[in-house]
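Okay, here's what each chain looks like letter by letter:
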Amino acid sequence: NAGVMQNPRHLVRRRGQEARLRCSPMKGHSHVYWYRQLPEEGLKFMVYLQKENIIDESGMPKERFSAEFPKEGPSILRIQQVVRGDSAAYFCASSRRVGANVLTFGAGSRLTVL
Amino acid sequence: DAKTTQPPSMDCAEGRAANLPCNHSTISGNEYVYWYRQIHSQGPQYIIHGLKNNETNEMASLIITEDRKSSTLILPHATLRDTAVYYCIVRVGDNNDMRFGAGTRLTVKP
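Protein sequence lines correspond, in order, to chains A and B.
Each step along the first sequence adds one to the number in this note's numbering, with nothing skipped, and position 43 is 43.
Each step along the second sequence adds one to the number in this note's numbering, with nothing skipped, and position 60 is 1060.
Do not take every clue at face value.
To be verified - Listed next, the in silico DSSO-like pairs over lysine-lysine satisfying Cα-Cα at most 27 Å (straight line):
1) B:1109 with B:1069
2) B:1003 with A:62
3) A:71 with A:27
4) A:27 with B:1069
5) B:1069 with B:1052
6) A:71 with A:44
7) A:62 with B:1069
8) B:1109 with B:1052
9) A:27 with A:62
The set of hints was computed from the structure by calculation and includes no laboratory data.
Note that the structure is a prediction, hence the values are computed from the model and not measured.
If we strip away everything but chain B, and leave its shape as in the complex, we get:
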């Protein structure tokens, strides 16, 4: 019963922007959208999160549609080190337990 849908894989050229989409059509009004990534077999790394406004930090930007049914993570200038599996997560319930889906495997190519 995944709450998010992501493409299984994407490629991006080094130095270009990587735009990773996520559908979360059943999101509730009080649920946040979180993005994490996992480089190779390391522990997942937090990237960004948002509720309904667009967000930006030193790693990425998060664009959430007005109806909140989808979002896009943007890595403005992808590098080879950004090659990873990117997970879009909608926080479930009040216990803050994050449920990870299959994610998108982003490959940044030289």
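Same shape as in the complex, but just chain A:
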């Protein structure tokens, strides 16, 4: 029973390029969450998705960032025209349902923008 799978684990991009981070939730989980952690800082909530729906994107930057969780396939966090300030660890978590439920986190994707 694989856990939450994130890839790539490490991604290097130059300023202005696009970054795509993928997250496959645990089997049976239909809720996905994305968090960002800047160096030496805490985790910041970005977005919460269910299959084909964005439920809460209050933590997403207004520009350049988007997320999706299609009916088939992994959830994608997309960052367009990356800047150095986007360098961070991006963690994905999944859960089975809403309510008193536990989030299971992946190992994270570390984005470095040169």
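Fit chain B to the known structure of chain A by using the hints.
Okay, now just chain B, sitting in the frame of chain A:
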């Protein structure tokens, strides 16, 4: 607008109990208290959660005060591998989005 307050850091001797406090004075009646930890730069790991009764599992115990305004996570016999940042979280809203604060950096010393 953090809903929880934790000390920034704590030390604990190996083999002793680690007691990590958390204040959540504005908690609502239907909000749970969750504890996670993050070891170095790994993904956060769930530890335990509770509503109003004390809870215990193989990792830790959670003691919630009767008025629910504070709680304590107890690691009964801390090991060096328990060195991590521990996050106390009150679940916000109905969407199950967990908001992490700064947490407590626990250092277990030999």
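Here is how each hint holds up against the structure:
The hinted pair formed by residue 1109 (chain B) and residue 1069 (chain B) fails the criterion: a straight-line CA distance of about 30 Å is larger than 27 Å. A C-alpha spacing of about 24 Å is found between residue 1003 (chain B) and residue 62 (chain A), which places the hinted pair at or below 27 Å, so the restraint holds. A hinted pair counts as satisfied when its Cα atoms are at most 27 Å apart, and residue 71 (chain A) with residue 27 (chain A) qualifies at roughly 14 Å. The suggested pairing of residue 27 (chain A) with residue 1069 (chain B) is violated, with an alpha-carbon distance near 36 Å, which exceeds 27 Å.
Distance hint between residue 1069 (chain B) and residue 1052 (chain B) is fulfilled; the C-alpha atoms sit about 10 Å from each other, no more than 27 Å. For a cut-off of 27 Å, the pair hint linking residue 71 (chain A) to residue 44 (chain A) stands: about 26 Å separates their Cα positions. Restraint check for residue 62 (chain A) and residue 1069 (chain B): not satisfied, since their Cα atoms lie roughly 35 Å apart, outside the 27 Å limit. Between residue 1109 (chain B) and residue 1052 (chain B), the direct Cα distance comes to roughly 32 Å. Violation of the 27 Å bound is thereby established for this hinted pair.
Distance check on the hinted pair: residue 27 (chain A) and residue 62 (chain A) sit about 31 Å apart at the alpha-carbon level, beyond 27 Å; violated.
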